[in-house]
Structures are given as structure tokens and as C-alpha cells.
Amino acid sequence: MIVSTHVKNWQHSFYHARINKNFYGQILRQFENPNILFAVVDLFAGAGGTSQGLVESGKAVVIACANHDLTAMESHAINHPLAIHFVEDIRLINIWVIQELVTDIRKLYPHVKIGVWMSPDCTHHSYAAGGRSRNADSRALAKSLHMVYDPENPNSEEGFVAGDSYVQILKPDFVQIENVIEFKSWGPLTAKTEKVKNEGLKEKAIACPIIWEKKLKRFQPKVWVPEEKSKGKYFLQWQNAINQLGYNDDWRELNAADFGAHTSRKRLFGIFVNESMPIRWPEATHAQKPKQNTLFESYIKWRPVSECINFENEGNSIFGRKKDYCEKTLIRLYTGLNRYVPKGNDSFICKYYGNGGQWSDINSPSGTLTTKDRMAVVFIDQQYGNSKPVRINQPASTLTTNPKLNVVFVLKSAPIKTTKQNAHFRVSSETGLSEIIIYESDSEIIRKIKVFMAENGIVDIRMRGLEIMEMLLIQGFPANYILRGSETLKKKFIGNSVAPIIPKVWIEAMATTFNGVYAAVA
366 MIVSTHVKNW
376 QHSFYHARIN
386 KNFYGQILRQ
396 FENPNILFAV
406 VDLFAGAGGT
416 SQGLVESGKA
426 VVIACANHDL
436 TAMESHAINH
446 PLAIHFVEDI
456 RLINIWVIQE
466 LVTDIRKLYP
476 HVKIGVWMSP
486 DCTHHSYAAG
496 GRSRNADSRA
506 LAKSLHMVYD
516 PENPNSEEGF
526 VAGDSYVQIL
536 KPDFVQIENV
546 IEFKSWGPLT
556 AKTEKVKNEG
566 LKEKAIACPI
576 IWEKKLKRFQ
586 PKVWVPEEKS
596 KGKYFLQWQN
606 AINQLGYNDD
616 WRELNAADFG
626 AHTSRKRLFG
636 IFVNESMPIR
646 WPEATHAQKP
656 KQNTLFESYI
666 KWRPVSECIN
676 FENEGNSIFG
686 RKKDYCEKTL
696 IRLYTGLNRY
706 VPKGNDSFIC
716 KYYGNGGQWS
726 DINSPSGTLT
736 TKDRMAVVFI
746 DQQYGNSKPV
756 RINQPASTLT
766 TNPKLNVVFV
776 LKSAPIKTTK
786 QNAHFRVSSE
796 TGLSEIIIYE
806 SDSEIIRKIK
816 VFMAENGIVD
826 IRMRGLEIME
836 MLLIQGFPAN
846 YILRGSETLK
856 KKFIGNSVAP
866 IIPKVWIEAM
876 ATTFNGVYAA
886 VA
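Take any residue in the sequence shown, count from 1 to its spot, add 365: that is its number in my numbering.
Misleading hints may appear alongside valid ones.
As the list claims (entries may be wrong) - Calculated pairs, EDC-like style, for lysine to aspartate or glutamate (alpha carbon to alpha carbon, straight line, at most 20 Å): (1) K587 with E559; (2) K693 with E593; (3) K549 with E593.
Unchecked claim - Using C-beta positions, here's what the derived DEER-type ranges look like: (4) S521 with E592: 44 to 50 Å; (5) T853 with I575: 29 to 35 Å; (6) P399 with K654: 48 to 54 Å; (7) K562 with W461: 21 to 27 Å; (8) K579 with Y664: 29 to 35 Å.
Hints are computed from structural coordinates only; laboratory data are not their basis.
Ideal Cβ placement from N, Cα and C applies to all residues, glycine included.
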């Protein structure tokens with residue numbers, strides 16, 4: 366059920382949430398399963414990464430979720446229909462709608478623990494924002510857990526005032542938080558200054574660029590950045606405020622790849638628990654470099670992203686495009702070529718057929734090539750600042766709302782025979798004759814790439830972005846997960862999502878504390 370619960374419309378939505386007794390009953394009947402120990406409210410739910418992980422555990426039911434994006438909530442509702450979906454800013458939701466359901470769950474199923482999961486917007490906390498201006502209101506969204514949003518109140522701090530919110534009204538047994546590592550550095554913002562030339566003086570002067578803010582009807586600094594000396598100040602205040610409501614907390618940095626995901630997405634996770642709940646954390650099952658022959662540790666090697674790649678789609682050649690790749694992309698590509706293509710490198714060669722990929726190490730025999738074989742060195746180009754290309758025999762890096770990972774196919778010929786005449790290269794192989802021509806109009810980096818191709822028997826280089834299905838699998842969603850919206854929106858939803866594996870293994874670890882409780886109650 367999808368409802369809107371803006372403060373002005375809360376009576377309307379509350380009425381509909383209660384009048385549909387059949388839907389309400391379906392939610393409650395899920396707890397008749399003795400394996401279900403937790404009822405969770407998923408805030409900032411997006412298209413459903415957290416909810417998917419919780420449900421996959423078989424230990425939790427998501428009873429309500431919220432997000433301001435209608436398309437995201439439609440996607441969530443298709444995959445998780447037995448939850449109340451609030452298309453709303455979580456600061457404006459009438460929480461008593463959820464409390465009505467929570468009260469019934471506690472009455473009918475007293476063994477079930479109530480939880481709240483919150484993944485506040487991380488954009489204005491992340492170092493990835495660089496020197497861009499940060500928004501104080503966005504950074505303060507976590508306050509909605511225990512404070513009331515009232516931006517018109519002159520006594521408000523970042524739009525919030527003291528009052529009953531999720532923690533006070535729902536009285537959850539536990540609250541789980543997910544965000545970027547820098548969330549713990551949450552503190553005041555300060556105006557960014559810069560040095561400018563000052564006529565008549567040798568030294569540059571320090572200036573603060575300002576802009577006219579229409580909403581506020583006043584001039585204010587153009588760019589706001591975290592104040593170095595006060596980093597973590599607001600986080601500690603927020604942390605202490607929730608603990609004073611009867612909770613204890615703990616925090617850890619978890620890497621999704623350590624639990625079997627195809628992404629090495631690393632995030633900060635925290636948990637607040639009341640006196641009825643112990644704190645439990647999941648134990649890693651995978652490692653980047655597992656130790657061999659150890660008595661007490663037994664880890665599996667990180668899962669390779671190659672398991673998620675569709676090798677039938679090689680993409681298009683980097684040459685002859687309507688719009689050439691930019692210089693930085695080509696430089697990264699050239700770096701990848703030097704890193705993974707030469708013999709003696711520990712990169713992987715992909716020998717694949719139309720029905721899927723087969724892998725062999727570059728230092729081992731590649732097997733007999735047939736006319737139907739396709740052989741390539743395949744790696745991932747990461748378009749993140751100074752990021753380097755990575756092999757596909759390891760997890761992919763973090764997916765973002767604007768995915769900047771490309772799959773690169775370096776098509777090789779075998780056997781190789783290369784001849785050169787001026788700037789004209791000919792690469793011959795059993796598949797025919799390929800020509801590599803360096804034109805006067807070619808940029809310096811294109812020339813380097815072409816020379817490298819000729820010297821290494823490369824007949825073409827193809828590159829493409831990740832497919833939606835590949836992104837879903839890398840992040841940890843099932844292949845049949847349904848997303849609404851355009852391709853751009855779907856990529857945004859995946860990049861915004863929590864890797865499902867973390868909430869899954871975390872809630873499973875928490876469930877070990879309560880195994881057998883239901884039988885005892887019954």
C-alpha cells in the first residue's frame with residue numbers, strides 16, 4: 366500500500382491505512398511464522414536494498430518504509446508489497462500511523478522486537494563532495510529520529526526543535542544506522558574562503574565569495590564546508606541525545622565484500638539498543654587475501670565481479686565514435702592497458718563463447734583457440750578522480766548514483782604477426798588482417814594507445830558502461846528484482862541503495878540471540 370502522510374493529509378492517509386483491514390491483516394499474519402523475530406521500519410528506503418536484505422534473512426519483516434521519491438517507492442512496493450509505503454519526506458510523516466501497527470504487533474506477538482533502520486542522505490557528509498558546498502539541512506536529517514522538524518520556529522537548530530519523534534513514539538528495541546564513514550565527522554559548517562589577487566599588494570588577500578539567496582532574501586557565502594576544528598561535534602551531540610532516551614550504541618565499518626558481495630562498498634554502521642537487546646555484529650566470511658593453513662580463521666576469497674558481467678555484450682569500439690572519449694578517460698584506459706595486457710602480468714584473460722565466460726590465468730595455457738573463440742583482457746575502468754583500473758577477478762568498487770564504471774574489452778589476436786610501414790600497422794591473425802593507422806589528427810594519447818595495440822597484437826578495444834542487470838548483481842540484488850523508471854533512474858536507485866548482504870547477515874547475527882524465544886513464549 367502506498368500512502369502520503371504529509372502533516373496536512375495525515376487524517377486522510379491514516380483512515381485508509383486502517384480501513385483496508387485485509388491489507389492490515391496480511392501484514393500482521395506474517396508474524397505467525399515462528400522464524401520471524403523482528404519488525405522493521407525502513408527510513409530512506411529508496412528502491413529497497415535494506416528491505417531486501419532483511420527479508421532475505423528470513424528473520425525480519427519490513428512493516429513500513431518511507432522515501433520522498435515516488436518512483437523509488439513504486440519499485441519498492443512491487444518487490445515488497447506487504448509494507449505500508451510512505452511517499453514522503455521522513456521529517457513530515459505522521460508517525461502515529463506506524464505506531465498503530467507497532468502497538469498491535471507488540472500485543473499479538475510480544476516476542477517480536479521492533480526496529481528502525483535509517484540511512485540518511487550521505488551526499489553532504491562524504492569526502493567525495495570535494496570542495497563543493499555542503500547543505501546543513503541535509504546533514505542534519507538524522508535528527509529526525511528524536512526531534513521534530515519545524516523550520517519556521519525561530520528557536521530551531523537546522524530546522525529541528527525538541528519534541529516526540531520516531532524514537533519517543535515507536536519506542537523501538539533497536540535502531541540501525543548506515544552512512545558513509547565521514548558521518549562520524551558531522552559538525553558545523555563554515556564559509557569557504559580563497560586567496561585572490563589584491564592590487565597594490567604582493568601577497569594575495571583572503572576573500573569569501575558570496576551569492577544572493579532568494580529564499581532567505583539575503584547575501585550569504587557561496588560555499589559551505591566542514592569546519593575542521595569542530596569535526597564530530599554534532600555527531601557526538603546526536604549520539605548522546607539518543608542514548609539518554611535509554612539506549613546503548615556501537616559502531617563499525619563494514620565492507621560488503623567481506624560478507625560475499627561483488628562490491629567492496631565500505632560504509633559506517635551503527636546500532637542503538639535498549640536494555641532488552643544485546644549488541645551483535647556479523648562475522649566476516651570472505652577476505653581479500655585469505656590466510657592459508659590457519660587453525661582458527663577460515664575465510665573465502667573475495668568474490669570476483671566477473672561473475673556478474675555479461676560477456677556477450679562487448680560494447681563498441683573506442684574508435685570511430687561520434688563523440689570521442691575525453692582525454693582523462695583515454696589516459697585511464699592507457700593505464701589499464703599497460704597494467705593488464707603485457708605478458709607476465711597477473712591479469713586475467715577471458716576466453717569466452719556465446720553462452721558465457723570461462724576464465725584462465727594469463728600465466729597458464731589458454732587452451733585451443735577456434736574461430737568461434739573470443740579472447741580478451743577484461744578490466745574495469747573507474748572514473749573516480751585518481752582511481753585506477755581494476756581487474757575483474759576482484760569485487761567492483763562502490764556503485765554511485767551516477768555510475769562511473771566501464772567494462773573494457775581488449776580484443777587480442779593469436780598468433781600475432783605485426784608489420785609496420787611509417788604510421789601504418791598491420792596485425793595479422795588466423796581471423797584475418799587488421800589495420801591500425803595513426804592519423805595526423807590523432808591526439809597524443811590516441812597515438813600511444815594505437816602503438817600499444819600494434820606492439821601487443823590488439824585488434825580492437827571496446828568499452829561500455831555497466832548494464833542494469835550487472836549493477837543489480839554487483840550490488841547484491843536478485844536477478845528478478847524489479848525497478849521502475851528510466852535507465853538513469855534505475856542506476857541512481859541501485860547506486861543509492863544499501864548492499865543487501867549487510868542488513869541480511871547483521872539481522873541473522875542478531876537473531877541468534879533470540880532463537881527458541883518464540884517456542885518458550887508459546
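Could you tell me which of the numbered hints above are not met by this structure, giving the numbers in increasing order? Hints 2, 4, 6, 7, 8 not satisfied by this model.
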